[in-house]
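S.K.: From just these sequences and the hints, can you work out the full model?
Chain order of the listed sequences is R and C. Yeah, the first sequence ends on 190 if you go by the numbering used here, and it's all consecutive. Yeah, the second sequence ends on 1375 if you go by the numbering used here, and it's all consecutive.
The set of hints was computed from the structure by calculation and includes no laboratory data. Beta carbons are placed, not taken as given, at the ideal position from N, Cα and C, and that holds for glycine.
Taking CB as the label site, the calculated pair distances span:
id	chain 1	residue 1	chain 2	residue 2	range
1	R	Ala108	C	Glu1149	44 to 50 Å
2	C	Ser1065	R	Gly118	30 to 36 Å
3	R	Gln142	C	Val1252	49 to 55 Å
4	R	Arg33	C	Gly1064	34 to 40 Å
5	R	Gly118	C	Leu1165	46 to 52 Å
6	C	Leu1047	R	Ser50	38 to 44 Å
Reference excerpt, derived from the structure (chain R facing chain C, CB under 10 Å, subset only):
id	residue
7	Asp62
8	Arg77
9	Gln100
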Amino acid sequence: MTVMITIIVIAVLAMIGVYISWRAGRLDRLHARLDAARFALDAALVRRSSIALELASSGLLDPATSVLLAGAAHDARSAEEARELPESDLTRALRAVFSQPDFRALLAGREGAEELLGELESASHQVFLARKFYNDAVAATQAARQRRLAKVLRLAGHAPNPEFFEIDDSLVPAGESGGPGADLPHLTAS
Amino acid sequence: MRVGLVCPYTWEVPGGVREHVSGLAEALMDLGHEVSVIAPADDDADLPPYVVPAGRAVPVPYNGSVARLAFGFLSASRVRRWLKDGDFDVLHVHEPAAPSLSLLACWVADGPIVATMHAAMPRSRALHAAQPILSSALEKISGRIAVAEAARITLVEHFGGDAVLIPNGVHVGRYEKAEPLPGFPGSGGTLGFLGRMDEPRKGLDILLTAFTQMAQERPGLRLLIAGRGDADEVLDQVPAALQDRVVLLGQVSDADRIRMLHSVDVFCAPNTGGESFGYVLVEAMASGAPIVASDLEAFRQVLRGGQAGELFETGNAAALAAAAGRLLDDPAHRATLAAAALAAVREFDWSVVARDVVRVYEAVAPAAGRVALAL
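M.R.: This is how it looks when you write it as structure tokens:
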């Protein structure tokens, strides 16, 4: 009888152990996904500000627009903490620059303009996607960490609690979006 | 001379640079010069006849806040057209490092260009990043002016070279006469303060301490304060029994500002630092108000080392109370100080300041020909 009870207890403990290690492994995988998403987001932001800086110093634009863009791109690149504000400011500066009337038409035919604008467009789109995926990963990780088991057993270890990255990354002025794909950034002047 | 002035910030929102440009334009016209100003503004905006609109300003993040600027090829072509129509002897741009019309004007123009630097931006990173772009346009400037030492240092740090100091102007005549506010200054004496109540460097807390000391012995003494900030926070610093002797006007119009300066027996400027020029002192001097001010370098210069106003040890409330008390008890000395201030403030009158600016024009214009379009 006692042998039976012992076996059951051991089996239950083993099952609990397997379950906990499965939960811990899942949390671990979520943190790995989060790290990768964070890395991709960092890379997208750096790429966007680099191309903005390149456009600013290309001589394609007038000096006032160039100074505006260079300042915003530089602030975004050099921010270490509280990055969200300067990155949002860069978006707003880009939006102001690209929504100038006839912006594309005035640059058409200039050497290298098409390529740079295209690259900036794709870089801005990458920021939008990378931020979406990163915030998805944050939400999933936070939910898993919130579970009672994870909290009681501190399954997350010393990994810091992830935070959402909230910036303005839409290149369409607020209130003008609508229709399919409206939440995607567009650089093309409409 | 035919002078073209460029204002980088929108004409439709009041601000320091805009006030400066309009003051200078009017003073230059009074001296017999022909003046045209280009500024960001809506085409159908209500503008003085000498202002040409360059199109609506766009709000953009700049230097840590949102500024209303005009940039881009279309703005540049508006500037080009204005230059062509204006056929100027000299082009005078303001704040040329700001990403707006002044920079565009430097870009599209050739010939005699004068620039005035207004803001102090110590080691601005954004300016640093933009330096290569700015330098080619700013190299065309042949005469540089700074309105204060701090603005001059910003220029030297970021772009090298130097500038002449010509202070901000004031229309002294507008301050000379005004009706005091009802019931002021009154027989018990009134101390005055003008400036942001919640900016520690304006030193209001020092004045409140001094007032509390003085009010014990002077039952009729009142304190008149004009400026932005939280009224309750100010009153909390004064004993309850004295609170009804502190009159808070809040933020006031230009006209009431002048009336306020005419409503006080002693104007107090207890600033602890951060003033590069001391515009409020100049306003108080022009109003003929006897002044007690902190012994700051900028204030000492404006008050001629104490001849045109009493100086007290910066930050010392007891010294402020003593100096203000002496003045309240000595009407003859008050009159002497006020007269000295009115004489000293003449050098900041737009008519004088504008003449100094014209001298800069005359120094650069003959050698550089007329203003022409680049390319």
